[in-house]
Structures are given as C-alpha cells and as structure tokens.
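Engineer: Letter by letter, the chains look like this.
There are 2 protein chains.
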Amino acid sequence: MTDKDARTPASVQDAQSEEAGKSIGWHKAYVEGTRPDLRVPVRQVHLTNGQAVTLYDTSGPYTDPLVDTDVRRGLQPLRENWIIARGDTEEYAGRPVRPEDDGIKHTSPRGGLRNLDAVFPGRPRQPRRSRDGEAVTQLAYARRGEITPEMEYVAIRENVSPEVVRDEIAAGRAVLPANVNHPEIEPMIIGKRFLVKVNANIGNSAVTSSIEEEVEKMTWATRWGADTVMDLSTGRNIHTTREWVLRNSPVPIGTVPLYQALEKVDGRAEDLTWEVYKDTVIEQAEQGVDYMTVHAGVRLAYVPLTANRKTGIVSRGGSIMAAWCLAHHRESFLYENFEELCEILAAYDVTYSLGDGLRPGSIADANDEAQFAELRTLGELNRIAKRFNVQTMIEGPGHVPMHKIKENIDLQQEICDEAPFYTLGPLTTDVAPAYDHITSGIGAAMIAWWGTAMLCYVTPKEHLGLPNRDDVKTGVITYKIAAHAADIAKGHPGAQEWDDALSDARFEFRWEDQFNLALDPDTAREFHDETLPAGPAKTAHFCSMCGPKFCSMKISQDIRREHGGTRTEIEEGMAQKSKEFAASGNRVYLPIAD
Amino acid sequence: MTDKDARTPASVQDAQSEEAGKSIGWHKAYVEGTRPDLRVPVRQVHLTNGQAVTLYDTSGPYTDPLVDTDVRRGLQPLRENWIIARGDTEEYAGRPVRPEDDGIKHTSPRGGLRNLDAVFPGRPRQPRRSRDGEAVTQLAYARRGEITPEMEYVAIRENVSPEVVRDEIAAGRAVLPANVNHPEIEPMIIGKRFLVKVNANIGNSAVTSSIEEEVEKMTWATRWGADTVMDLSTGRNIHTTREWVLRNSPVPIGTVPLYQALEKVDGRAEDLTWEVYKDTVIEQAEQGVDYMTVHAGVRLAYVPLTANRKTGIVSRGGSIMAAWCLAHHRESFLYENFEELCEILAAYDVTYSLGDGLRPGSIADANDEAQFAELRTLGELNRIAKRFNVQTMIEGPGHVPMHKIKENIDLQQEICDEAPFYTLGPLTTDVAPAYDHITSGIGAAMIAWWGTAMLCYVTPKEHLGLPNRDDVKTGVITYKIAAHAADIAKGHPGAQEWDDALSDARFEFRWEDQFNLALDPDTAREFHDETLPAGPAKTAHFCSMCGPKFCSMKISQDIRREHGGTRTEIEEGMAQKSKEFAASGNRVYLPIAD
Chain H
1 MTDKDARTPA SVQDAQSEEA GKSIGWHKAY VEGTRPDLRV PVRQVHLTNG QAVTLYDTSG
61 PYTDPLVDTD VRRGLQPLRE NWIIARGDTE EYAGRPVRPE DDGIKHTSPR GGLRNLDAVF
121 PGRPRQPRRS RDGEAVTQLA YARRGEITPE MEYVAIRENV SPEVVRDEIA AGRAVLPANV
181 NHPEIEPMII GKRFLVKVNA NIGNSAVTSS IEEEVEKMTW ATRWGADTVM DLSTGRNIHT
241 TREWVLRNSP VPIGTVPLYQ ALEKVDGRAE DLTWEVYKDT VIEQAEQGVD YMTVHAGVRL
301 AYVPLTANRK TGIVSRGGSI MAAWCLAHHR ESFLYENFEE LCEILAAYDV TYSLGDGLRP
361 GSIADANDEA QFAELRTLGE LNRIAKRFNV QTMIEGPGHV PMHKIKENID LQQEICDEAP
421 FYTLGPLTTD VAPAYDHITS GIGAAMIAWW GTAMLCYVTP KEHLGLPNRD DVKTGVITYK
481 IAAHAADIAK GHPGAQEWDD ALSDARFEFR WEDQFNLALD PDTAREFHDE TLPAGPAKTA
541 HFCSMCGPKF CSMKISQDIR REHGGTRTEI EEGMAQKSKE FAASGNRVYL PIAD
Chain L
1 MTDKDARTPA SVQDAQSEEA GKSIGWHKAY VEGTRPDLRV PVRQVHLTNG QAVTLYDTSG
61 PYTDPLVDTD VRRGLQPLRE NWIIARGDTE EYAGRPVRPE DDGIKHTSPR GGLRNLDAVF
121 PGRPRQPRRS RDGEAVTQLA YARRGEITPE MEYVAIRENV SPEVVRDEIA AGRAVLPANV
181 NHPEIEPMII GKRFLVKVNA NIGNSAVTSS IEEEVEKMTW ATRWGADTVM DLSTGRNIHT
241 TREWVLRNSP VPIGTVPLYQ ALEKVDGRAE DLTWEVYKDT VIEQAEQGVD YMTVHAGVRL
301 AYVPLTANRK TGIVSRGGSI MAAWCLAHHR ESFLYENFEE LCEILAAYDV TYSLGDGLRP
361 GSIADANDEA QFAELRTLGE LNRIAKRFNV QTMIEGPGHV PMHKIKENID LQQEICDEAP
421 FYTLGPLTTD VAPAYDHITS GIGAAMIAWW GTAMLCYVTP KEHLGLPNRD DVKTGVITYK
481 IAAHAADIAK GHPGAQEWDD ALSDARFEFR WEDQFNLALD PDTAREFHDE TLPAGPAKTA
541 HFCSMCGPKF CSMKISQDIR REHGGTRTEI EEGMAQKSKE FAASGNRVYL PIAD
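Protein sequences, first through last, are from chains H and L.
When you number the first sequence by the UniProt record's numbering, it's gap-free, plus one each residue, and the end is 594.
When you number the second sequence by the UniProt record's numbering, it's gap-free, plus one each residue, and the end is 594.
Chain H extracted, bound-state conformation:
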C-alpha cells in the first residue's frame, strides 16, 4: 500500500510508456474553471489520426504521473479552501474514537487492530461541522441561488452550465454528495439531467478480507469508472478501514451506519437503540462519509406485508430494522427520530440515501404491497429531509422482471418529487447466480434510460461470495456499459461522440485507437492479440474473424474508394451505369411479381 506503482493500473503505465515512443494512447488532462484551484480531470485519448477524444474521468490523482500519491498520507484536500472560505463551518474536538468503533471489546484478551500498521498515519485532523444556525449543504446554497465551486466543478464535468447544476440541486432533482469532512473528493453530481452514475460496493465482512484489500478495491473501482463507492464493511476494523478509504478516495463515499451500529451491540438487532445509532452517524459524519443509507422506511406496520413473500426481506438493513420493530413491538426508531437525524446530517452536508429495506429479493416479490408501502414512506421522509436542507436520493430494487421495471421509476419519481433514484440493478431473472452482473445490467440499462440517476453495481459474486479485484472490475465495467447505453438513449449531449469515435476507428482499422477508446483497453487489446499477436496485425486492414479476403469493412471501404466517396458520387456513377443498362433491356429494376 505504500508504493504508488503497485496500485497504479498497468494500462496507465503502458499507455504512458507507449506514448513516449509512439505518441499514442491517453493521458490525464485538466479543464480549468474560473479559479486556479478549480481543475477538472479528464481522460484525453489521442488518436492516430491526430484527433483527441475527451472522456469523463473518475480515477483521481492516481492516474496522473505528475501527482505523487501515497496512501499513507492520503489525497490532497482539494476542497478545503472552498469549505473554509465559506466561513459557515467550524472545527471542533469531535467524538473520541473508541475501541468499539473497530469492533474491539474492552474484555478482549487480544485487543488491538488486526493490521499492525492499521491506524491511518496521515496528518492529524479535527472534524468540522456547521456553525450554529448555518445551513451548509449544497442544497441550501442552491436554494439561495449560490453557485459553489463544487457546482462549477460538476458543470464542467457534465458539460452544462453551472446554473443548470444549481437549479437541479435546488429543485431536489439532483444531489452533490460532499461532506465538509471529505475535502479530498472531486465533486460529482447525481441526477437524471446528468450522466448516469455508477456506485461500487466494497467492504470487509466478519468472515473475510482486510483493510488493504478494501482500499485497493476502492482505487481499482474508481480506476474503471465507479462514480461513488460504498463501504459496507461489517466485520472488525470498520472505523479504521473507513478512515483509510475516505482519506484516499477521490469519489464520494457512502455507508450504511446501521451495520456498524449493529456491530457495537454485538450483532443483536433487539439491542440497537437510537443512541447507539446516532453516535455511529456522528462518528461517520465526522470522518467524512458523503452519503448514508438510512432504512427509515421500514415501519412496524409493513413487516407483516412481507410474511407471504417468496424471499422475505433481503436488505440487511431492512431485516435488522424489521427484527428490531418486531422484538420491541414498536415503531422504527429511525422513523421516529428522523427529524433529529436530519439535523445531524445537515450539519455536515451528509446526503441521505433513503434505503429500500423492503426491496424484492426475487422477481416473484417485485412491485408488491410491502415494497410500494415503503416507497410511499420514503416520499414522506424525502419531504421532511428537504425541510432541513438535507440532500436526498431514494434507493430502489432489486429483483424486477423487465415488464415491471418502468412502474418502479415512474412511481418513485411521482411519490418522491423527482428526487434522484438510485437502484440496485434490477436483476431481471433469478436463475443465473455467477452472472448477476448481467441479469442486473439488463435491468440497470433500462431503468437508467427511464430516469434512474445512479446505478449500484452488482458483481458476478452476488449471492455467492465477496467480490475480489476481478469481480469489482467486471461489475464496474458492466455498469458503465449500462450507464452509457442509457446516456445515449436519453440523448445526453455528447454521449454518442464516444461511440462515434470508436466506430470511426473500427471502420478505418485504427486498432490502437479502438483499444485506447475502449471502456477496457487492456482486455480489448489482449483479446485481439490472442489470435493475431504480431505488431503488424494492429495496423492490418482485417482481423482474425474473417481474414483478409472476407472483411466486410474492407469491402465497404473498397466500395467507397472505387465508386466515389459520398452517396451522391456513388449515385451519380450508378445513374450513368443504370442508363447504359436500361438501354440494354432494363431488367435490373424489374420487380419480381408477388
């Protein structure tokens, strides 16, 4: 974890070393805003025909050879001056970190963290929160008509005006998750008016995986395009793992505070209290978590609605809250204390991700009474959150067959006043464990086309185990495909330019350009080289599928070359020939009798 090169993806280095010799490939570039400290990163792909294509980049400073990164130090606090300059927050001592935050018992004979060097060694920092009475959320600023540097940043990223960004946030149709304690992030926006975003989940569990692995999964996921990362750790070292992840993450980090709260009460749902939960939320807000999943919509009265379901409650948070409600025969403490929770989140500009604890876990349970009852409550909570200036998005399912997907987004948009929808998949069939990135990628593309703002990825390991590095990559790539397919279908300005550039390269046999423009250049190049590895094959005007005699692209090019370059020229040439032909019998255009 100390060596930058060990974490920098191979293709970046490849591209840059190749670049030195052949001036092809891609490099990190920046688009400057109205102030010198506002530089928006982009991925610039240099084509062999001299053109360049600029792509959205989520990979952070790790792909910039001019930035010296070190995971032990953490990333530069890009937004720190912006936050301080606003003058509406203040540092304070903060809640003391306790061994229990990492799941370590006082009575434990072998106290201490699992990893010898686990405590984050970066510069000491104090948490920050709003000064009394100040509204410090991007929503509050937008409502006041202000355009923050964060808004300008995302406007450049999205290629829209800062006013559009501000207005979408003000209307609650978009969120810009940016905790005042997470100054390291490169701001991004989630809303249907903008590019569809992808979240990747990481997190250790009680059973397996370590801090190092989680930090690496985070940088790896953003390398391939994850726009946000959720740390869903449930085992030991939750606090410390999160610290490492936050200090090194260029993207917003989300969590489910309930998971850590449950660890603090030894996994017994019935022992959970509002006090333990609240303490955990503050702990995480002080660390800089940008958005939190809160399952406040799982109300006591809805639990029986799940009794006849095929797969009951499959959301972990949902089942914990249901168990608590039933154990105490009481309304959910999250629902009852929601206003106080709003006050806490508002103080740090933590964004709500209102969890769908009753989402269907099988297509048989899709769109049922339990699911939609909870959705109506989420609509109610969304309106409360807005009163407190808390940015809010709404989580959605899950497992939904294709013909029932549209109802989900339509109802959510109606009930939740167009708040951003953030869906897990949905999976369109239950029969393909080990391929649920695909069963869900299908549903994700569709629901994003129809208006979902962010997609939570699903990896091949869903339902089977914890994703490893390869699974994370496969999940992210699959979901970037779904998101981009939706951007195109929505007619997002500029989305199709990427496809067009790649198709041009394909038609003109510019293989290197095709690879460099690919969502995954490494694998595209590797697959090509499997059958035609030689250097000249990369400039060959054919490929291994058809060989030189058969290539349709080559024939198309020959047609164009031999018969004039444009349609008009070809038509003129043909019209002449056609005349000659008509004189000799005109058989060609005689239609076959039907």
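Think of the hints as simulated: they come from the structure by calculation, not from any bench.
Nothing here was measured: the structure is a model prediction, and the numbers come from that model.
Don't take each hint at face value.
Pairs count within a copy or across copies, as identical chains cannot be separated in the list.
[Stated by the list, open to error] Computed cross-link-like contacts, SDA-like style, restricted to lysine to any residue with a CA-CA straight-line distance of at most 25 Å:
(1) Lys404 / Glu497
(2) Lys28 / Ala52
(3) Lys310 / Leu55
(4) Lys406 / Gly491
(5) Lys278 / Asn389
Since the structure of chain H is provided, determine the placement of chain L on it from the hints.
Structural biologist: Below, chain L alone, put in the same frame as chain H:
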C-alpha cells in the same frame, strides 16, 4: 474426438457421480409422446426437499449416460422413420462432392484435407429430396392441417398443444427448421409465441481453427443451451467440417452459403455467379443444413444509401453482394433468382433466414434508410417464399441504441407479416469491445421481450477475434439470460417457475439446489467455494457475504418462525401487541408531522 468422455461436460458427470452417493443433482429424462419413438429430452433437477424441476434441454444425447455416442459414427437419425413414413421424399444420387467444396484446388501441389482423418467416417448415406410435385415442408403440412411428429415433439417441449404449434407454423409466425437430410435433430420451434431461442455461431476461418474445434464448439454450445448453431466457416475444409457438425448435431444447423460460394471463386466477389451459388445451396441442402442465411435483400439501388454511413456495410454477406452489384452494375443475382431458390429450398425443407446485409454496424447508423429499405424488400421476399411453402425467418440488427430498438421489431413484424425475427443483439453501445456480449445482451433481452423469436449470440471476442471454448460458453449463457428474462416478461407459461424454485432454494439456504438450478451450476458452485469451500458451508444458513450474524435471509426466516408463518398470523400477533401498546400511550402509529 473419439472418446465420449472427453467431450461430455464435467458437470454432467459430476452430477451423476454425486447422485450415486447423495441422490442430488440432475439427470436427463424423457417425456413420451403419442408414439414410442417420440421421446422429448428434459433436464430434471432433483431438489433436496424431494421436489423436482423440469427444464428445457438442448444438449442432445451427449448428456445421457445410457446413450453410447461416438462423433465418428454420428448421432442416431431420430427423425428418419418419420420422414420415410411420409412417403413424399426420395433418395437420389446427389451432387458429387468435389475437392473445391473444401477449398482445395486441382492445381494444389499438396492436395487433400488438412486433417488426416478428416473425412467423416460414419455410415454412407444418400441425400433425399421431395418427390416431384410434393410439398415436404413443415409449413406445407401445417397449412394442410397436419400435425407431424416434429410438431408434436416441439409441443411437448414448449408445453403447449400440438394445434398451437401447427397453427403458428401455418400462419408463418413460427418456423420448425428441419431439413429432410438432417434426421439427427431434436425438433425445435422458433416463433414469438414460444420460448425465445438462442443461436450460437461457430466456424473456422481462413486464419485459424480446425474441424475438431468446431465440432467441439457445437456440442459445447448446445450443452449450455444453444437452440441452433450456425456454421460460418470460411477457410478450408468447409464441406467436411459441416459434415462432421451436421452428423453430430442435435440442434438445427444454419449456414451462409455465400461464404462457401465465395471460397469457390477464390474470394473474388465479382466472380460469383448464380450457378456457383445454386450449386453450393444444393450441396449444403443435401448435407442437411436446416436454415440458410440469404442476403437477397441487398439490392443494387440500396448500396448508395450506405455511402455516408459511419461504418458502411458490416455484414459479410451484405458487403459481398454489394461488391458484386457494383462490379457488374447489375441487380443482385440472389434477388433476381429468388423464385428458383425457393424451389430448391422447398425440396429439402430448408428454412430461409433472410439476411440483413445492410444492418447497422454502429449505433450512429441504426434505423437508417438503407436498413429499412432492405427490410421492406425482405417483406416482399417473405411473401414470395411463403408462396413456395418455404419456412422463413427475418434477420435483424446489429448495433441499435435502446431508444431505437422497439421500432425495429415493430416495423419488422408489420412489414414481414409477423414472420419470426432473428436478431444479432442488438448492441446498445459501441464503446466496449471485449464486453459486447453484455452491450448486446441488454438489447437482446429488450427486443426479445418485444417479440424477437431467436437471438443470435455475441461473444466477448466480437470485433476482436474468433471465440474460443470459454467465449462460446459466456456468449451462450449471456444470451440464455436475455432469452429467459424475455420469457418471463412476456409471461410465457411456466417460465417463472424456474426462478421461483431457485429463489425458494436461496431463501431456505439449500445451496446445492441453488447450484443445480443455476444456468451454470459449475461456476456458481466455484464462486461460492472460493470463499467458503468447506462441505458444511453448503448447508450453512449464511454465506460469506455477511457472515452468520448479519444474514438478512436468516433474519427474515427468524421473523417468520417467531411470529407465525403467514401474514395473517403475524398480523394477529401484532394486533394483540398493538392493543397492549395502544393502552400504554399509542405512540407507535402516530405519524411524524410533515
């Protein structure tokens, strides 16, 4: 290739050896029809709770341990007696096989086939064709009101009445591809009223691969669920490769005769003639090819419509015909001789797959004038084919962004009188070479939901190279997901039962059942074992994702167990508690003020 075990997929053997010891897994079973020689294979999954789930099976005799298969002998001619009993066909000497059929020149100093033992050694056979004046296609029989054994067979497979099968074929809304010279196939049907089918492409090329590989790819593809296989070989040994594939294939085989015809004229499109093409069609029909892609819709006048396209003509067949038309400045010989071609296909019951030679090769070119001009011609040709009693399906694109997909199927159904649509993908974005099984799986699921009858798979190697064994499997599995998701969305009777059985197993922690019901049991089991390999973990009531304390499924089960099994019981229990609670202050159901 001589050893059955070498080709039988591992999981079949595993299931059976495990079965012996633990009586779990799945086995091949047969559903009997109205005659003893009509036995429809199914895959029967035995669950640990004593139930069984019956699934559609495409894998042929290879997965039946009681059948002794040998690729050197070929499969048993299941349909032979049915064909002979109809008395409307006759054997004849057939066209002599020439060295050129395998791409071998008379002048070649090293004549002979590449593979020493390449000539198929099975029993000698003579080709068969219709007796003079007899209409021997399934379409002709259906129109006369006859229910053939083939129709009864697919009715059992599809769980519908034979009358439905007959009527859909008679109306031209479905095809049952079954050349009289391919008696080895297990009949299947393609039509929107039935389960969505998947085709897998195999085939050597001028550049790489061998006969053995292609036969193995065929058995491998059907093992994972391919309903038909297209042999798109373009290099040497085309005739012989096809003979091996046909004699060993339990599923219908499709080809593009133009590819072999082009080989016969040394790859020079302009040297193609109707005579060479016709000779090739007869050669392939005598061998038993069940359906043929014919690019008769690429008319001279349409070629200029492609001039301003981003990627021109990407169909190999389409580009060959376009080159021919332009070289001679003549109408396509396929279009001009289409009626004679119908007569030939009718004599063998070869089904047309009218090729979309002008399909878009990039999303920029989707739904353009060239594409739809050709589609209208395919509609015209479809009506001609029906006059000759030739079964016909229509091929579709290609590369189409999501918002333009529906227009494709709607127009095709309207223009082609509801003839089955057979689409390649479509790919919903161009930016992900190496993942085009996914970019296209998204489009495939959607277009199948809306009415496409068969999906042509796309492998991860699309645009990059020839698929290997793993790519074939990934392509087939991805497309089975798309097809099954569409079956569910269409409300196909019984489709969701499979999902429900797997979801029940998931909820009840019946891990072995979950694996055995999975589309790919091997990979599901492997992924699970990566994190929790021990035997007991397969019966554990949790998994590696959350560990024992956190499992939502377990919590749901606990809720159900502790609070009564059904919704009513839980509600009654809760009502009682609620009364008690109301007496003590009734705070629970008090809504939060909004």
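Engineer: If a hint holds in the structure, say so; if it does not, say that too.
Structural biologist: Do the hints match the structure? See the list:
Proximity of Lys404 to Glu497 under the C-alpha cut-off of 25 Å is restricted to the inter-copy arrangement: shortest distance 17 Å between copies versus 32 Å within a copy. In this assembly of identical chains, the alpha carbons of Lys28 and Ala52 lie at most 25 Å apart only when taken from the same copy (12 Å versus 56 Å across copies). For a Cα distance limit of 25 Å, the shortest separation of Lys310 from Leu55 across copies, 21 Å, qualifies, whereas the shortest one inside one copy, 43 Å, does not. Taking the closest pair of Cα atoms, Lys406 and Gly491 come within 25 Å of each other both inside a single copy (18 Å) and across two copies (16 Å).
In this assembly of identical chains, the alpha carbons of Lys278 and Asn389 lie at most 25 Å apart only when taken from the same copy (19 Å versus 75 Å across copies).
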